[in-house]
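Build out the structure end to end from the sequences listed, making use of the hints.
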Amino acid sequence: MALVALVGASGNAGAEILKELSARGHRVTAIARNPERIAALPGVTAEAADLHDRDRIVGLLSGHDAVISAVHFTATDLPALLAAVRTSGVKRYLVVGGAGSLEIAPGQRLIDTPDFPEAYKAEAGRGADYLDMLRKADDLDWTFLSPSALFAHGPRTGTFRLGKDRLLTGADGSRITFEDYAIAMVDELERPAHVRERFTVGY
1 MALVALVGAS
11 GNAGAEILKE
21 LSARGHRVTA
31 IARNPERIAA
41 LPGVTAEAAD
51 LHDRDRIVGL
61 LSGHDAVISA
71 VHFTATDLPA
81 LLAAVRTSGV
91 KRYLVVGGAG
101 SLEIAPGQRL
111 IDTPDFPEAY
121 KAEAGRGADY
131 LDMLRKADDL
141 DWTFLSPSAL
151 FAHGPRTGTF
161 RLGKDRLLTG
171 ADGSRITFED
181 YAIAMVDELE
191 RPAHVRERFT
201 VGY
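Under the UniProt record's numbering, the letters of the sequence shown match residues 1 to 203, in that order.
Note that these hints are calculated values from the structure, not bench results.
Values in this document were obtained by computation on a predicted structure and should not be read as measured data.
Keep in mind that a hint or two might mislead.
Claimed, not checked - Below are the DSSO-like pairs computed for lysine-lysine, each with C-alpha atoms no more than 27 Å apart in a straight line:
1. Lys164 / Lys136
2. Lys91 / Lys136
3. Lys164 / Lys19
4. Lys136 / Lys121
5. Lys164 / Lys121
6. Lys91 / Lys164
7. Lys19 / Lys91
Written out as structure tokens, the structure reads:
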């Protein structure tokens, strides 16, 4: 059992990760701007926090075995969040990443393809920037988990593939559910296999 701080616990990915952590018996400090949106689950303590309140965030993260962040990149001061994790003293840091920075061919990222939706470019670009920041963070045991291109609610199957920096595609394209993504994230928490690396999950 681990003591985990989950930032962004009320979002699509965060809520599923929270369910998975609770179901596996971990204790979770679930952090969100609106804690009333956090599911009441065994082992979960909901806490209200604004990510701009650095002292509050540092205080909430301190003393945990790991931090998982599931926040929107464009809505977050990413350098400040990274600084808060460092100041908290927690070394294990797992990040819900994006698919835009994954490669579809050597040296060619998904975000740079002509058909990449304009509406998602800002978020994908910020996610790629955060990955670059993490790759320079040799004082943290970080992991950045990128989903497949289509990331949506669906069944929890427990059957998926893992990759590294290349976009995973299958017969139905490139996709993963929030529910199966959460399994991969908590698996990595429990059995670290991608420390100071990005990896990806898909069908």
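For each hint, the structure was consulted:
A threshold of 27 Å between alpha carbons decides the hint, and for Lys164 with Lys136 the separation of about 18 Å falls inside it, so the pair holds. Note on Lys91 and Lys136: the hinted pairing holds, with a Cα-Cα distance of about 14 Å set against a maximum of 27 Å. Using a Cα cut-off of 27 Å, the hinted pair Lys164 and Lys19 holds, with the two alpha carbons roughly 25 Å apart. Note on Lys136 and Lys121: the hinted pairing holds, with a Cα-Cα distance of about 23 Å set against a maximum of 27 Å.
Taken as a hint, the Lys164 and Lys121 pair is honoured in the structure, with Cα atoms around 21 Å apart against an allowance of 27 Å. Pair hint Lys91 plus Lys164 holds up; C-alpha atoms about 22 Å apart against a cutoff of 27 Å. Between the alpha carbons of Lys19 and Lys91 the distance comes to roughly 23 Å, so the proposed pair stays at or under 27 Å and holds.
Checked against the numbered hints given earlier, this structure breaks none of them.
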